[in-house]
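One-letter residues, chain by chain:
Number of protein chains: 4
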Amino acid sequence: MTFDPDVVRFSLMRQSFMRTLGAEVVSVEPGRVVLALPFRDDLCQQNGFLHAGVVTSVADSACGYAALTLMPPDSDVLSVGFTVNLLAPAAGARIRATGTVVRAGRTLTVCSGEVVAVEADGTQRPVALMQATMIRRPAAPDG
Amino acid sequence: MTFDPDVVRFSLMRQSFMRTLGAEVVSVEPGRVVLALPFRDDLCQQNGFLHAGVVTSVADSACGYAALTLMPPDSDVLSVGFTVNLLAPAAGARIRATGTVVRAGRTLTVCSGEVVAVEADGTQRPVALMQATMIRRPAAPDG
Amino acid sequence: MTFDPDVVRFSLMRQSFMRTLGAEVVSVEPGRVVLALPFRDDLCQQNGFLHAGVVTSVADSACGYAALTLMPPDSDVLSVGFTVNLLAPAAGARIRATGTVVRAGRTLTVCSGEVVAVEADGTQRPVALMQATMIRRPAAPDG
Amino acid sequence: MTFDPDVVRFSLMRQSFMRTLGAEVVSVEPGRVVLALPFRDDLCQQNGFLHAGVVTSVADSACGYAALTLMPPDSDVLSVGFTVNLLAPAAGARIRATGTVVRAGRTLTVCSGEVVAVEADGTQRPVALMQATMIRRPAAPDG
Chain A
1 MTFDPDVVRF SLMRQSFMRT LGAEVVSVEP GRVVLALPFR DDLCQQNGFL
51 HAGVVTSVAD SACGYAALTL MPPDSDVLSV GFTVNLLAPA AGARIRATGT
101 VVRAGRTLTV CSGEVVAVEA DGTQRPVALM QATMIRRPAA PDG
Chain B
1 MTFDPDVVRF SLMRQSFMRT LGAEVVSVEP GRVVLALPFR DDLCQQNGFL
51 HAGVVTSVAD SACGYAALTL MPPDSDVLSV GFTVNLLAPA AGARIRATGT
101 VVRAGRTLTV CSGEVVAVEA DGTQRPVALM QATMIRRPAA PDG
Chain C
1 MTFDPDVVRF SLMRQSFMRT LGAEVVSVEP GRVVLALPFR DDLCQQNGFL
51 HAGVVTSVAD SACGYAALTL MPPDSDVLSV GFTVNLLAPA AGARIRATGT
101 VVRAGRTLTV CSGEVVAVEA DGTQRPVALM QATMIRRPAA PDG
Chain D
1 MTFDPDVVRF SLMRQSFMRT LGAEVVSVEP GRVVLALPFR DDLCQQNGFL
51 HAGVVTSVAD SACGYAALTL MPPDSDVLSV GFTVNLLAPA AGARIRATGT
101 VVRAGRTLTV CSGEVVAVEA DGTQRPVALM QATMIRRPAA PDG
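Protein chains in written order, with the working numbering: chain A, 1 to 143; chain B, 1 to 143; chain C, 1 to 143; chain D, 1 to 143.
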């Protein structure tokens, strides 16, 4: 067992931007992290859909923490880069981003991120697909 | 002349998420839009740098509106997708994102986005490189 | 039924580069095309693995033709762009590339491409992951 | 001085696939490598343009060797991944790919690749834009 879900949750909530967006941790498993973000009017682009950058931000954090779940305990994770394809406008009650490790290497981890929009009645629709590369760093000591 | 800088500024500021982030329009020219974002503690990842999603959001808007400057007046612009490489942690007094049109097609426009971190003394450092694809849509009528 | 597998096979084999590489059509279904490429010494990078461009080429054709299977009969398909992550060196007896449609739009289709290396004994290993955007064009008349 | 242009040329020509394609080294400078590829009928997609994979292959090698020029002498370079946007069909007498280092890190190097089509009369047209991530590896001993 290489990770403690609570450590991942704690680190994730140390991302002030995830708190600013109102992101929530749905689940943390080895190699997979799911985050959710309730729709908010102040996170939109010019047509009233969630901004592509919001969708990307949540997918990026989901992928990064998915990568972290498979790293040694003293690790920190940084995004090297990612590609996002936007499949449909992000509307609905919330979005849910699932980050999944595709290949965990010693230094680099490749993840896949899927974002769906979830309506109030639970129906879902894919809104974005991400391919992300994460890098392991030694964890910075807490101050 | 195919665009009115004020229309671009107006549309950009209709992106509620850009207002939430505190993004500012630095300049609007044909094929190039520059945005700036002052550093804020509530936009960070776990190490106190601006979250990759924040950097991406500003670059995406800069690219999208750069594309819009070269489109017919009745156009709206949507991101099809983008790739971001993160070159260095985003710290400093502000970031500045420059979106530049690489190729403007009838339907699709390819843009390049460069994000630099700017220190209080004006020194700059590249933090991200984006390659983005934008699509033209007929503008939605205002309500 | 919007496609004829033989039309896809025929168009694919009109790609002279696929013949030059020695690519073979493994299967054609709606929304999914599988190609294979036997290893050859003249398709390598400096360490004797298949060149990343070879892996990409086969994945791109698999994705493009997967997109074509879901387009109207008079369609042609072109790559708008793609992202490839290389997961492991491409060695073995052959590679197999599977292109799968993630979202089929009227103009743009997003596909996912997976490339595995297959050993002589049948064991497989992922070597690349692609995310591709394809565009529909009216088919050019045959000359 | 951290590189010997002849070493780069030699390593590049050890890529059997570059020989198969007929690629030529145009220039090697610190942080920049230019390759050319004469048009050939057996490297095409279904409409008689160079296959996107061919364009990508040459851009990838140009970027990889651009990265290598800034690495210590005992280095080898591998592609981690790349994104390609195809800007126009690749026709003409030849294509020329320029790989340029955007940021050289100890482990990872980010490069930009530009591919132009060159007509017999010398006129040029951009055909592709690449953003690539390369990783340094200790050079394998020669056998």
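These are computed hints drawn from the structure, not numbers from a lab.
All values reported here derive from a predicted model rather than from experimental measurement.
Be a bit skeptical, because a hint or two may be false.
Said to hold, decoys possible - Label pairs and their in silico Cβ distance ranges:
{"hint": "1", "chain 1": "A", "residue 1": "Pro38", "chain 2": "C", "residue 2": "Asp41", "range": "39 to 47 Å"}
{"hint": "2", "chain 1": "A", "residue 1": "Ala93", "chain 2": "B", "residue 2": "Asp42", "range": "21 to 29 Å"}
{"hint": "3", "chain 1": "A", "residue 1": "Ala91", "chain 2": "D", "residue 2": "Val26", "range": "47 to 55 Å"}
{"hint": "4", "chain 1": "C", "residue 1": "Ser75", "chain 2": "A", "residue 2": "Gly22", "range": "39 to 47 Å"}
The beta-carbon is built from N, C-alpha and C at its ideal position, and this holds for glycine as well.
Results of checking the hints against the structure:
A C-beta distance of roughly 56 Å is found between Pro38 of chain A and Asp41 of chain C, which places it outside the suggested range of 39 to 47 Å. Take Ala93 of chain A and Asp42 of chain B: their Cβ atoms lie about 24 Å apart, and the range 21 to 29 Å holds. For Ala91 of chain A paired with Val26 of chain D, a C-beta distance near 50 Å keeps the hint of 47 to 55 Å intact. Distance hint check for Ser75 of chain C and Gly22 of chain A: the Cβ-Cβ separation is about 42 Å, which falls inside the suggested range of 39 to 47 Å.
Checked against the numbered hints given earlier, this structure breaks only hint 1.
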